[in-house]
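> Got chain A sorted already, so can you dock chain B onto it with the hints?
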Amino acid sequence: MKCALCGYEFSEKESVSTCKNCPLHKGCELIKCPNCGYEWPKEPEWIKKLGRT
Amino acid sequence: MEKIAIVGSPNVGKSVIFNNLTGAYATVSNYPGTTVEVTRGKCAIHQKEYEVIDTPGMYSFLTITEEEKVTRTILLNENPALVLHVIDTKNIERMLPLTLQLIEADVPLILVLNIMDEAERLGIKIDVKQLENELGIPVISTISVTGKGMNLLRETIYNYVPVLNKKFIYNDKIEEAVETISSKILKAQYPISKRLFSTLILQEDIDIHSFIKEREPTVYNSIQKLIKEIKKGYANPLSYIIAMQRQKIASDIVSKVKSSPVRFAKDFADKLSKITMNPWAGSLILFIVLYYGLYKFVGQFAAGTLVDFLENKIFGEYIIPVLSKFIENIIPWKILQDLFIHEYGIINLGLRYAVALILPIVGTFFLVFAIIEDTGYLPRLAMLIDRIFKKIGLSGRAVIPMVLGLGCDTMATMVTRTLSTKRERIIATILLTLAIPCSAQLGVILGLLGNKPNALFVWLGVLCFIFLLVGFLAAKLMPGEKPLFFMEIPPLRLPKISNVLVKTYTRMKWYFKEIFPLFILASVAIWFGQITGIFDLILNVLKYPVHFIGLPDKTAVAYLFGFFRRDYGAAGLYDMSKEGLLTTNQLVVAIVTMTLFLPCIAQFLINIKERGLKTGVAISTFVFFFAFIVGYLLNLVINVFNIRL
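Line by line, the protein sequences are chains A and B.
Residue 13 in our numbering sits at position 13 of the first sequence, with consecutive numbering throughout.
Plus 53 on top of the position in the second sequence (first one is 1) and you've got our numbering.
Same shape as in the complex, but just chain A (with noise of 0.2 Å):
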């Protein structure tokens, strides 16, 4: 995925290793730029499907 501010480009693994020290992760459902700490929400599963059909 991209940063819609910076342009970094990640997987959704690097964004969950950026938050390990956020007491709220659990449960979060916030995608996190590891380069500039943006964020924004995660795109449900069902238009993850929709995007590949």
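To be clear, the hints were calculated from the coordinates, so they are not data collected in a lab.
One thing to keep in mind: the hints can contain errors.
What the hints assert, rightly or not - Quick list of in silico lysine-lysine cross-link-like pairs, PhoX-like style, CA-CA up to 25 Å:
id, chain 1, residue 1, chain 2, residue 2
1, B, Lys566, A, Lys42
2, B, Lys281, B, Lys475
3, B, Lys219, B, Lys178
4, A, Lys13, B, Lys562
5, B, Lys378, A, Lys49
6, A, Lys13, B, Lys122
7, B, Lys281, B, Lys240
8, B, Lys178, B, Lys285
9, B, Lys122, A, Lys2
10, B, Lys301, B, Lys247
11, B, Lys549, A, Lys42
12, B, Lys562, A, Lys42
13, B, Lys566, A, Lys13
14, B, Lys562, A, Lys49
15, B, Lys566, A, Lys48
16, B, Lys240, A, Lys2
17, B, Lys475, B, Lys549
18, B, Lys549, B, Lys349
19, A, Lys48, B, Lys247
20, B, Lys285, A, Lys2
21, B, Lys301, B, Lys266
22, B, Lys284, B, Lys444
23, A, Lys2, B, Lys529
24, B, Lys549, A, Lys49
From a predicted model like this one, the values you see are computed outputs, not experimental measurements.
Just chain B, lined up with the frame of chain A:
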């Protein structure tokens, strides 16, 4: 065994090239002392064996992320016999600066123009031979997913003969400084060229400075003096100046080797991009975006027309009467009916606020925000306001938490962690707690003041003044170095409808999931407070600060709502205004005070979590009293000068 390091930005196909070269066998392990994974494998070309390293994504030698640091360490410490710089051909202009740095580092280098198929589909053509001449290194074009170009790459690796790398020249001052450091000051041997080391020294890379301090402590003072001297000649940090000059060299090379059918569109986009970052023209564009995007669309259309329809028609005529009748029929006790219906019930208050008031407002706000985001305007906004932010001790990087604060201040306060200094983090937390209204509150306010432009102007003026004043004073009270900031600017583009809709839907869903339980909980808490008498007790206490700023008693209810969430409180003011309980003057005072007020309980807790107990409580206490003092002063000014808004 000779090593081959594959480097490049994320998502350029490094791993596919790695797999093509090595086959199925690879070992993945964390780089020592880090959590960053590095993949290693073996490949044989004409019976000659190589160890191939797939390095983590890297944008520049001037590292920011842990991944970049690991890649740089591999290049510095593992002395690879060959480096393959893999780039996404369609983004060649953005990626070539790292090629230039690798050439500057004097590493044996091959440039791999990957994802050539996508570039060709866009009509982009690269003159590979000309690019080889310009860079002085072998250049291979590949489509790694189909394997096209991989045989040529293998042959080029096998036949690689080290050459003396080309030198790309910076402007006189920088070039002179680089020469002085590399040939006169640095005496020891370094794993890569002294020229690249010198540019990183000038760019004040912390790790490189520590490295030099350790290896040549005697020369460190001369380096510091030289940097100080060079910096005097520039308004911007040297890291920015050098990055810009390197980008210019890259752009000049690309203009000679690349042809694209969309030249006209690109030229126009480039010009527009520059205009958006110009202080005057950029401010005008920002004003237009805010006026039509927020004021007209969110404030007037959503908070006016849409809310009016949902609240009066759908809720007023259908949902509330039907559900009220239903509750009254099945629950005979008034005390229990109050939990669901009547003035503060879950349906009349929590559900109505969440669905009829907040949902259309945040929905349209997120729609506008998604359009702005998808065009690539946000990084330009960061660059535009960087110079203003510097005056208040922040950098353009702080635009990220500030923009996110327009969605949710609590979440934005956590993002202040990404700011580089403690001073910046404290200033940003104060400003977020104090002067950044969240999207729902902003929408309700725009709805309240949408038809009262003078009142809206006063609210906005006071807020901007407080934002700048408090920021300026905080920066004076906490002196420190000016923060550094520059960021890569992605191309300006037309927003894609699918992207905008998905982003809007995703954000609305997330926001609604966040606020709906809280609104219901607040209704239950108020109901509980009512039956126990705590509600009236708190209202009696709150009447004093409310009187202090010249507002009627009932405003205390809205402020009590505001303790749960600021947008909940703003919705309370919306109800009062609709009932004609507030004059426009009082409305402005009430809204200014509520905007400056502590956003919510969650914000209070996160201030403590992020800034520590002492600082967190101090910030929240300051904000609480400051909000009412500003409200008092505003009311005083309005009365003394007999202003009618």
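> Now tell me, hint by hint, if it's right for this structure.
Now for the hints, and whether the structure bears them out:
For the hint linking B:Lys566 to A:Lys42, the alpha-carbon distance of about 13 Å falls within 25 Å, and the restraint holds. The hinted pair formed by B:Lys281 and B:Lys475 meets the criterion: a straight-line CA distance of about 24 Å does not exceed 25 Å. Using a Cα cut-off of 25 Å, the hinted pair B:Lys219 and B:Lys178 holds, with the two alpha carbons roughly 24 Å apart. For the hint linking A:Lys13 to B:Lys562, the alpha-carbon distance of about 22 Å falls within 25 Å, and the restraint holds.
Distance restraint check for B:Lys378 and A:Lys49: the Cα-Cα separation of roughly 43 Å exceeds the 25 Å cut-off, and the hinted pair is therefore not satisfied. Using a Cα cut-off of 25 Å, the hinted pair A:Lys13 and B:Lys122 holds, with the two alpha carbons roughly 18 Å apart. A distance of roughly 21 Å separates the Cα atoms of B:Lys281 and B:Lys240; the hinted pair therefore holds under the 25 Å criterion. A hinted pair counts as satisfied when its Cα atoms are at most 25 Å apart, and B:Lys178 with B:Lys285 does not qualify at roughly 42 Å.
A distance of roughly 21 Å separates the Cα atoms of B:Lys122 and A:Lys2; the hinted pair therefore holds under the 25 Å criterion. For the hint pairing B:Lys301 with B:Lys247, the CA-to-CA distance comes to about 22 Å; that is within 25 Å, so the pair holds. As the CA atoms of B:Lys549 and A:Lys42 are separated by approximately 18 Å, the hinted pair is consistent with the 25 Å bound. A distance of roughly 10 Å separates the Cα atoms of B:Lys562 and A:Lys42; the hinted pair therefore holds under the 25 Å criterion.
Of the pairs offered as hints, the one joining B:Lys566 and A:Lys13 holds, with about 24 Å between alpha carbons and a cut-off of 25 Å not exceeded. A hinted pair counts as satisfied when its Cα atoms are at most 25 Å apart, and B:Lys562 with A:Lys49 qualifies at roughly 18 Å. This hinted pair checks out: B:Lys566 and A:Lys48 have alpha carbons roughly 20 Å apart, not beyond 25 Å. A threshold of 25 Å between alpha carbons decides the hint, and for B:Lys240 with A:Lys2 the separation of about 43 Å lies outside it, so the pair is violated.
Only pairs whose Cα atoms come within 25 Å are accepted, and B:Lys475 paired with B:Lys549 is rejected, the gap being roughly 38 Å. For the proposed pair B:Lys549 and B:Lys349, the alpha carbon gap of about 22 Å is at most 25 Å, so the pair holds. Restraint check for A:Lys48 and B:Lys247: the C-alpha separation of about 48 Å exceeds 25 Å, so the hint is violated. As the CA atoms of B:Lys285 and A:Lys2 are separated by approximately 37 Å, the hinted pair breaks the 25 Å bound.
Between B:Lys301 and B:Lys266, the direct Cα distance comes to roughly 31 Å. Violation of the 25 Å bound is thereby established for this hinted pair. A distance of roughly 19 Å separates the Cα atoms of B:Lys284 and B:Lys444; the hinted pair therefore holds under the 25 Å criterion. A hinted pair counts as satisfied when its Cα atoms are at most 25 Å apart, and A:Lys2 with B:Lys529 does not qualify at roughly 37 Å. Taking the CA atoms of B:Lys549 and A:Lys49, the gap is about 18 Å. The hint holds against a cut of 25 Å.
The structure is inconsistent with the numbered hints 5, 8, 16, 17, 19, 20, 21, 23, although it conforms to all the rest.
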